[in-house]
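Asker: Sequence order for the protein chains is A and B.
The working numbering numbers the first residue of the first sequence as 1 and each following residue consecutively.
The working numbering numbers the first residue of the second sequence as 1001 and each following residue consecutively.
Since the hints were made in silico from the structure, they are not lab data.
You can take every hint at face value.
Result set (DSSO-like, lysine-lysine): computed pairs, CA atoms no more than 30 angstroms apart in a straight line:
id	chain 1	residue 1	chain 2	residue 2
1	B	Lys1147	A	Lys17
2	B	Lys1147	A	Lys62
3	A	Lys62	A	Lys52
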Amino acid sequence: MSKRAQILNLIREVTGKEVNAEPDESLFESGMLDSFALPDLVTALEGAFGVKVPDSDLNPRKFDTLERIENYLAGKGA
Amino acid sequence: MAYLAGFGAALPGRVVPNREVADLVGCEPDWIRDVSGIEERRWASNEETVVSLGVAAARDCLQSAGVEASALGCIFVSSGTSPRRFPGPAATIAKELGLDSTPAIDLPVASAGGLFGMALASRLPGYTLVVAAEKMSEAVLKPAPDKNTSILFGDGAGACLVSQHAGPLRIIDSILCTDGSFADDLQLPLDGSLMMNGRSVILQATRKLPRVILDVLARNGVAAQDVAEFIVHQANLNLLQRVATGVGVPIERFYSNIARYGNTSSASVLIAAREWFAQARLQPGQRVCFAVFGAGFHWGSLLAEAA
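Start from the sequences and build out the full structure, keeping to the hints where you can.
Answerer: Written as structure tokens, this is what we have:
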């Protein structure tokens, strides 16, 4: 399974929604991800990809699109 | 050794239900309840000010503790909604309490200010009165109501008397933290209305609040399950639920009055403490944990136990 597919699955798990986003589509503006699902997604990403997201990286913009999440994880070596 | 000797609160008389706010900002009342847990809040009249609310809470606190204002060695007043740049409300509140030389210090720390005041007061001799008073309605309704903030905030004041002599709750420890990296994400500019990046605030708060609670418990060898009550900044019921999950205790251990008052910023933790204390049947050794998070970001926790 690709990293993008894994991320999409995690978003579906934390939101309970059938999410299908374009890579550069805002997950927030499209209503796929809300303020309270975002912390759950970050926690899920940490568990699934074995990375630690420090508080200094807890910026919603880093997790606004599938592309940005992929890039963030790549930067963490995941 | 410092004690929490009493609590006080004062709330405006006007109850503002979700229907009224929904009509003002153009949303459904049920949506407000769903996203925040808030059903109504209090908004102050023109005659009810940060100072008048603060004085009323201070008097309620001193009366409940059985201590005269003349016994105070210092006053801290937390407010993020002071109507002028300086002097802040501390000087006028002290004057209204009949004090003309007791140091009265403003803590413009917004939501975390009540607990910051309690922790600082625990390091001072004698009696220190901590007051937190907010008129948030002015911050979110002027110049024009904003849908995402107007629904959340209410007005009110709380107070706490910290004593080095005696009190029903002994302060065990406290932790205060600040990280200015996200200072722009929650702010009240000098000429404008409240600006809040809700996603950033919630993302940070859901991490920092459970951690600062668990940290103060861990360094004192206390398990979360052994804390009788958690009294946390009343920002949003959904946030409180996530903090409870993060701490590992049921939400029922978290005192909540947000349905009735909304988010009263720095006053919220002290108003909640006043209500909780009025109905608590304290047993010696019973632990209570306070925690706050807000603009700055500032956050912290304070652990106490029944004396």
